[in-house]
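*Asks:* Start from the sequences and build out the full structure, keeping to the hints where you can.
Below are the chains, spelled out letter by letter.
Number of protein chains: 2
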Amino acid sequence: MDRVVVIGGGAAGASAAARAKRLNPAVDVVVIEASSMITHAPCAIPYAIAGIARGEMFTYTPGEFERERGIRVMVNSRVTDIDVDKRIVHVRRGSVHDKLEWSRLVIATGAVPSTPGIPGTNLKGVVTLRHPAYVDEVRRVLEGTGRVAIVGGSYLGIEMAEALLSMGRRVLLIEKEDRLMPAALDTDMSEILASELTSKGVELHLNEGVVELAGGDRVERVVTDKGSYSADAVILATGVKPNVELALQAGVKLGSTGAVHVNEYMETNIEGVYAAGDVAEKHHRILKKSVWIPLATTANKEGQVAGANSIRSRAIRFPGVVGTVVTRFFSMYIAKTGLSTREAVENGIKVESRTIKARTKAHYFPGAVDVYVKLIIESSTERVLGAQVIGWDHAVAGYIDVASAAITSGATIEDLFFLDIGYTPSTAPVWHPLIVAARVLSKGRF
Amino acid sequence: MDRVVVIGGGAAGASAAARAKRLNPAVDVVVIEASSMITHAPCAIPYAIAGIARGEMFTYTPGEFERERGIRVMVNSRVTDIDVDKRIVHVRRGSVHDKLEWSRLVIATGAVPSTPGIPGTNLKGVVTLRHPAYVDEVRRVLEGTGRVAIVGGSYLGIEMAEALLSMGRRVLLIEKEDRLMPAALDTDMSEILASELTSKGVELHLNEGVVELAGGDRVERVVTDKGSYSADAVILATGVKPNVELALQAGVKLGSTGAVHVNEYMETNIEGVYAAGDVAEKHHRILKKSVWIPLATTANKEGQVAGANSIRSRAIRFPGVVGTVVTRFFSMYIAKTGLSTREAVENGIKVESRTIKARTKAHYFPGAVDVYVKLIIESSTERVLGAQVIGWDHAVAGYIDVASAAITSGATIEDLFFLDIGYTPSTAPVWHPLIVAARVLSKGRF
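Protein chains in written order, with my numbering: chain A, 1188 to 1633; chain B, 1188 to 1633.
Don't take every hint at face value.
It does not matter which identical chain is meant; a pair holds if it fits inside one copy or across any two.
[What the hints assert, rightly or not] Only pairs whose alpha carbons sit at most 25 Å apart, straight line, appear in this in silico SDA-like list of lysine to any residue:
1) 1544 <-> 1375
2) 1548 <-> 1316
3) 1286 <-> 1437
4) 1548 <-> 1470
5) 1544 <-> 1241
6) 1548 <-> 1242
7) 1548 <-> 1480
What the hints contain is simulated information worked out from the structure, not anything from laboratory work.
*Replies:* See the structure below:
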């Protein structure tokens, strides 16, 4: 029996399965997925709710995966127990119990919403965004609502604010920290985002902790430590946590972040057991330590690595992440890579930073919009450690990717300044905003 | 007397002057410019002719440069001789002759059009694009024309094709090589561009050398080695050459490319004499040799370096270029960085490449368009040496900048595959096209 069993058919699980089968078609590869969907794209949820996204929120149906890839897919199936000694997983589908032997196991159980421990979260009208499968349900909950509160001002909260405004709702957003996207943005950049939300009509409450969702049968009010606000529905966008329950049961070791500890081969502490995607920790290439940043792109690559190594042991390493994230709010794109000032300070790194405002095209070219670029450098070495970019053009996502590449390579601001960035009047000013930001930080040295 | 004299007020000259004055306001800085304009942007010319560009094609007027920067600007003034021994330049403005002492000299005389040595180029209706100052003249020449021929299928030719089509002209484009943008694009990528030109109505003649421009007083026909085509006007977009005449007179050494030879400090062979911008050679960071790629972005940085070093000797080095270029044809953006296959072969480097077709956004997100990504790697090391990207979204310019950063850092395809590139459904697919191209080249290794 030579079988790779993958628990979870999301980004990491599907990638791992596809990779394993591709490398050795003779191996039996089985994906066990709790929902009815594989290769699902949770990033699509806000756009699907708003009706912006079109078509399916998955890449393959289970049937296609089976026919085109030769991978067995068990949907609506839950692994109830992992027996590490006998190398068996116990699976339940409805009332049917089954067991499956494995020679290699990939745990890709993803993340689950982390909802606040406050009264009222189970009232009608309170929504937690879990899975593309629940989009229609969320749309039904939002039917007929006028004023909707979002709890949480990170990516999902921002994206849901766009979605709800697009649907004609009045929107209230409550964030317990002093700024939006506090994990990614420094205060100055976050204020630009806050001002955009406010200008589009979002009622913003920062520095407010939600203490209760109140109502009768259905939610009517959000009560915070500073006030009480009426709401016809409440979206909980308070983050996610690694879905480690099953891994823990099996004796798989977690790291200090609370996610499954893996090495660069995506191996857990148990031989033959890999973990990939949101359930696992990631190595941070700047901080040189484990972090937990759950993202689909990383999950895909980790799945690829775990799948490859499940067939050819230690064939490939996952070098880690630098913390690149990007989102949008209508026409505004918000992106970050590397360390924020807070992350640097928390890790004892002395940094300097500057923020510049520039334009996205040559001054004479129509369609130019504003872009803000913040660069964060290590004071002692002038190495670029972080970048934050906000601009009204989707092209600014490319800025952050350039910064990510530069940061990954250990570039200093001088290296960044001299990067051979392309120019034509319709794509950038002749002095690219990233180059300008690097120059400004050099304090006249170049 | 402590004076920096800069010959040429374009990108390199203006940057050099600004930098020098900034670093030491006590130094007298003088810019001598042959036209009436400084900080002019020749990249704007096609868009200005078409009426797409708005506002001025310069960043500063001479007056602003004087008032705001404290830099003396002599416009409509030509340097007729550089006396290296006495450290004097002779300047002529109209009938007035003058001379000016210098302690440091920056030669930034740029490039001049390289027109083919064929009969008829001085007929009426034949246009060479030289300088933003001549845009109105070009527009007058094009008045009342129906069918216009462009000679030369590189950037300027492509951009002029867009300009002329926008102006309602019928357009004929003649290129002597077997493909468009032959210096930048491999055949497969060039064919995608050619097909776009054809689909917009451009009559394309590749592999045809122009032998004569024929007509009476005004041009009427373009005669090639394969045919004869009627044209009411002819745009010569046959490239540029370094404007080295003055440098040569002064005894400044040229390199094998025919441009002024400079070291990493932008020093020429004559002490105290710098060269920057299109007049100078550039160090190619991959080929480790001098090349001549005339671009405004490079000119700006070289000017910055020459200006800084004219004040603080050898304060800063210019590390060179990797050959990044980007242009557009209507909504299609065409970009290249690093080596093309031809450049690699010509330099004895064994390479492999793959081209992939992908989409610019998540499959369910509206507004996604096609993008083609070609990666070229060194066979022996798997180092990424070149990238070519064509897509119908200006965001693809960012792809080439990422590739440029990766190439500059010596990244392999594995490094590129694992780059932490950002993702949100509206800016990229979850597997970014660059990552997919890297994966395809790995032949199943990852």
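*Asks:* Can you tell me if residue 1548 and residue 1242 fall within 25 Å by alpha carbon in one copy, between copies, both or neither?
*Replies:* between (33 Å within a copy, 13 Å between copies)
*Asks:* Go through the copies and call it for residue 1548 and residue 1316: within, between, both or neither, with a Cα cutoff of 25 Å.
*Replies:* Close across copies (22 Å), not inside one copy (38 Å); limit 25 Å.
*Asks:* Checking residue 1548 and residue 1480: alpha-carbon separation at most 25 Å within a copy, between copies, both or neither?
*Replies:* Classified as between: cross-chain Cα gap 22 Å, same-chain 33 Å, threshold 25 Å.
*Asks:* Please work out whether the CA atoms of residue 1544 and residue 1241 approach to 25 Å or closer within one copy, between two copies, in both situations, or in neither?
*Replies:* between (35 Å within a copy, 21 Å between copies)
*Asks:* State whether the alpha carbon distance between residue 1286 and residue 1437 is at most 25 Å within one copy, between copies, both, or neither.
*Replies:* within (15 Å within a copy, 87 Å between copies)
*Asks:* From the Cα coordinates, with 25 Å as the cut-off, is the pair residue 1544 and residue 1375 best called within, between, both, or neither?
*Replies:* within (12 Å within a copy, 39 Å between copies)
*Asks:* I want to check one pair: residue 1548 and residue 1470. Are their C-alpha atoms no more than 25 Å apart within a copy, between two copies, both, or neither?
*Replies:* neither (36 Å within a copy, 27 Å between copies)
In terms of the numbered hints stated before, the structure departs from hint 4 and from no other.
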